[in-house]
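Undergrad: So the protein lines, in turn, are chains A and B. If you're matching positions, the first sequence starts at 1 in this note's numbering and goes up one per residue. If you're matching positions, the second sequence starts at 1001 in this note's numbering and goes up one per residue.
Don't read these hints as lab results, they were simulated from the structure. Fair warning: this is a prediction, and the values are worked out from it, not measured in the lab. It cannot be assumed that every hint is accurate.
Below, a list of computed lysine-lysine pairs in the PhoX-like style, where the Cα atoms sit at most 20 angstroms apart [stated by the list, open to error]:
| no. | chain 1 | residue 1 | chain 2 | residue 2 |
| --- | --- | --- | --- | --- |
| 1 | A | K53 | A | K9 |
| 2 | B | K1003 | B | K1115 |
| 3 | A | K36 | A | K22 |
| 4 | A | K53 | A | K40 |
| 5 | B | K1003 | A | K36 |
| 6 | A | K41 | B | K1003 |
| 7 | A | K53 | A | K41 |
| 8 | A | K40 | B | K1073 |
| 9 | A | K41 | A | K19 |
To give an idea of the interface, some chain B residues facing chain A are shown, with a C-beta separation under 8 angstroms as derived from the structure [to be verified]:
| no. | residue |
| --- | --- |
| 10 | A1018 |
| 11 | V1019 |
| 12 | D1022 |
| 13 | Y1025 |
| 14 | F1035 |
| 15 | P1040 |
| 16 | F1068 |
| 17 | K1073 |
| 18 | N1076 |
Over the 12 angstroms line for every Cβ pair with chain A, so calculated as not near, a few chain B residues [said to hold, decoys possible]:
| no. | residue |
| --- | --- |
| 19 | Q1006 |
| 20 | T1007 |
| 21 | Q1008 |
| 22 | K1016 |
| 23 | Q1039 |
| 24 | S1042 |
| 25 | F1047 |
| 26 | Q1069 |
| 27 | A1081 |
| 28 | E1096 |
| 29 | N1102 |
| 30 | K1103 |
| 31 | L1104 |
Ideal Cβ placement from N, Cα and C applies to all residues, glycine included.
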Amino acid sequence: DTEVTQTPKHLVMGMTNKKSLKCEQHMGHRAMYWYKQKAKKPPELMFVYSYEKLSINESVPSRFSPECPNSSLLNLHLHALQPEDSALYLCASSQGLGASTDTQYFGPGTRLTVL
Amino acid sequence: AQKITQTQPGMFVQEKEAVTLDCTYDTSDPSYGLFWYKQPSSGEMIFLIYQGSYDQQNATEGRYSLNFQKARKSANLVISASQLGDSAMYFCAMREDLEYGNKLVFGAGTILRVKS
Chain A
1 DTEVTQTPKH
11 LVMGMTNKKS
21 LKCEQHMGHR
31 AMYWYKQKAK
41 KPPELMFVYS
51 YEKLSINESV
61 PSRFSPECPN
71 SSLLNLHLHA
81 LQPEDSALYL
91 CASSQGLGAS
101 TDTQYFGPGT
111 RLTVL
Chain B
1001 AQKITQTQPG
1011 MFVQEKEAVT
1021 LDCTYDTSDP
1031 SYGLFWYKQP
1041 SSGEMIFLIY
1051 QGSYDQQNAT
1061 EGRYSLNFQK
1071 ARKSANLVIS
1081 ASQLGDSAMY
1091 FCAMREDLEY
1101 GNKLVFGAGT
1111 ILRVKS
């Protein structure tokens, strides 16, 4: 079963709101990822968690705060976002083997609109 | 740094015909992996097929096959017997290994439209 789930599917928030995006996988994967995707563009990596530790932060603004409570869950906490942060946020997971065969499987995404 | 180039912004194909989506890459690493993903309008990125740099044969997965030409640094996706449900954005990607993890480097994507 190659399923990654994300909630909510859609989110509308104001610039002063605090919200969280959630991602879950039950494939026993040890690496989890957050990507941001603007319309008609490829996904851009934001964060990587490897064995529940933050291993890569692609210079993402501090208004985005990731959290990995356990090996199956990944959260993205949002605070004081800007309208330009409106995008599709994709979560992915992989075995994290460190080999070139390591394949990332994506969730359905959360469409975020910041008003 | 690794780079993926997809030169076809959009493609049309008649239902039941085959179509080739182009992908070229640039890397100095001798070991690498290439991936193709499908993204329908719903947004989910669906993994289609993987090709390793040392694989002797071209990868195949059902109606999907990868035309891997290492010397030309190309990894084109071939979809046989196109179906209406194949209409989507298709991304070619390469895995980039970093010091503390890895990430996918994506091409710009190709929008495929299947006509009935």
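Undergrad: So, for every hint listed, does it hold in this structure?
TA: A quick look at each hint next to the structure:
no., hint, result
1, K53(A) x K9(A), "26 angstroms, violated"
2, K1003(B) x K1115(B), "31 angstroms, violated"
3, K36(A) x K22(A), "14 angstroms, holds"
4, K53(A) x K40(A), "31 angstroms, violated"
5, K1003(B) x K36(A), "19 angstroms, holds"
6, K41(A) x K1003(B), "15 angstroms, holds"
7, K53(A) x K41(A), "28 angstroms, violated"
8, K40(A) x K1073(B), "25 angstroms, violated"
9, K41(A) x K19(A), "25 angstroms, violated"
10, A1018, "25 angstroms, violated"
11, V1019, "20 angstroms, violated"
12, D1022, "15 angstroms, violated"
13, Y1025, "13 angstroms, violated"
14, F1035, "7 angstroms, holds"
15, P1040, "10 angstroms, violated"
16, F1068, "14 angstroms, violated"
17, K1073, "16 angstroms, violated"
18, N1076, "18 angstroms, violated"
19, Q1006, "9 angstroms, violated"
20, T1007, "14 angstroms, holds"
21, Q1008, "14 angstroms, holds"
22, K1016, "28 angstroms, holds"
23, Q1039, "9 angstroms, violated"
24, S1042, "7 angstroms, violated"
25, F1047, "6 angstroms, violated"
26, Q1069, "18 angstroms, holds"
27, A1081, "24 angstroms, holds"
28, E1096, "9 angstroms, violated"
29, N1102, "7 angstroms, violated"
30, K1103, "4 angstroms, violated"
31, L1104, "6 angstroms, violated"
Violation of the numbered hints given earlier is confined to hints 1, 2, 4, 7, 8, 9, 10, 11, 12, 13, 15, 16, 17, 18, 19, 23, 24, 25, 28, 29, 30 and 31; the remaining hints are satisfied by the structure.
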